[in-house]
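J.: Each residue of the sequence shown is one higher than the one before, starting from 1 at the first, in our numbering.
The hints are simulated quantities; they were obtained by calculation from the structure and are not laboratory data. Each hint should be verified, as a subset may be incorrect.
[As the list claims (entries may be wrong)] Using 20 Å as the maximum straight-line C-alpha spacing, the simulated EDC-like pairs for lysine to aspartate or glutamate come out as follows:
1. 338 x 106
2. 190 x 15
3. 137 x 308
4. 348 x 109
5. 191 x 241
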Amino acid sequence: MIPDVWVVTAYRAGERAQILALAEALGWPFQIKEIKHKPKAWRTNIFRGSDLSGIDLQGSSSLTQPWPDLLISAGMRNEPVCRWIKAQSGGRSKIVHIGRPWARSDYFDLIITTPQYRLPERVNILQNTTTLHRVTKQRLDEAAQLFSDEVSVLPGPYIAVIVGGNSGPYTLGKFAARRLAQQCNELAEKKGASLLITTSARTSEVVAQALETQISVPKHIYRWQKEGDNNPYFAYLALADELVVTADSVSMLTEACATGKPVHMFDLGVGRNAMQHYSAASGKNDFRLTGSFYRFAMAYAPQRASRDIQLVHHRLIEDGHAIWLGDQLAEKRPASLKAIDRAVACVKQLFPAG
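Put together the whole structure using the sequences plus the hints.
T.: This is how it looks when you write it as structure tokens:
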């Protein structure tokens with residue numbers, strides 16, 4: 001019997017992409033359940049409720065029987081919803097949570113996570129080096145066809161620049177943007193390459209403008225749009241010979257590494273605020289009050305109150321999947337990422353006859 005699958009979509013783009021990646025990779029039919037959360041529904045989230053009081057029922061997808069065999073979700077605000085669905089099914093629905101759960105791990109049938117969350121070793125926790133991703137040869141080939149004519153007016157080879165934004169203790173502001181532009185100019189000039197630059201949902205206007213004005217080599221820039229249906233992101237991954245990724249997003253780093261091409265990680269900070277233990281870069285750090293609070297939490301608060309993305313950086317470098325921008329590329333290419341394959345195998349173990 002093929003399990004009935006509900007995909008309870010996340011409210012952050014990276015988590016949403018991981019949920020869909022797993023659902024597609026399983027090869028089972030699935031229903032997408034869009035959830036609209038109430039802006040002040042903190043009570044049911046903080047106190048680990050198992051109800052629907054935190055969501056706008058009118059603005060959300062219908063949550064009625066027949067109940068699913070499998071729930072795939074991510075994010076703290078979705079946890080009470082999934083627990084409620086499981087209760088309605090009499091405990092039959094299995095919950096697969098991606099990322100870091102805020103409730104106890106035994107609330108979930110499977111947790112698929114990555115090093116930055118520092119979760120303990122448990123039989124129901126799968127520890128992957130990278131996040132799940134939707135990068136496939138077919139998707140890249142299709143995207144490349146759509147944008148190849150537009151990009152071909154620029155001289156090759158191509159270096160894609162994938163730009164994120166503020167994340168935890170790290171801030172991508174005007175100073176970091178200037179360093180990114182300078183280092184990308186230097187890399188492109190060295191390679192005789194053009195740059196294919198795309199921003200993301202977290203990229204500020206200040207950063208986008210800095211890249212547009214300070215990139216001096218041939219370039220093609222796409223500014224992320226919430227409702228944009230002509231996003232060249234996958235095309236850039238496909239058409240690029242090398243990739244530069246701001247190191248604030250594990251999802252973006254994963255998708256870049258999944259191409260099998262050389263990946264350069266850009267460090268958002270310098271000095272004591274650097275992502276690396278040692279950075280030769282000079283300049284000013286961008287200040288953000290919430291970033292300072294987060295840095296304090298990493299040093300003094302319980303581990304589950306923060307995440308340490310440096311742990312992912314170290315693993316990517318150790319496994320040969322990425323280097324810091326400015327370092328020398330290795331001659332040997334790394335093995336392909338296996339996170340999605342491992343996740344699919346673990347989910348299917350929950351349904352031996354599926």
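J.: It remains to establish, for every hint, whether it holds in the given structure.
T.: The hints, checked one at a time:
no., hint, in the structure
1, 338 x 106, "25 Å, violated"
2, 190 x 15, "36 Å, violated"
3, 137 x 308, "31 Å, violated"
4, 348 x 109, "12 Å, holds"
5, 191 x 241, "10 Å, holds"
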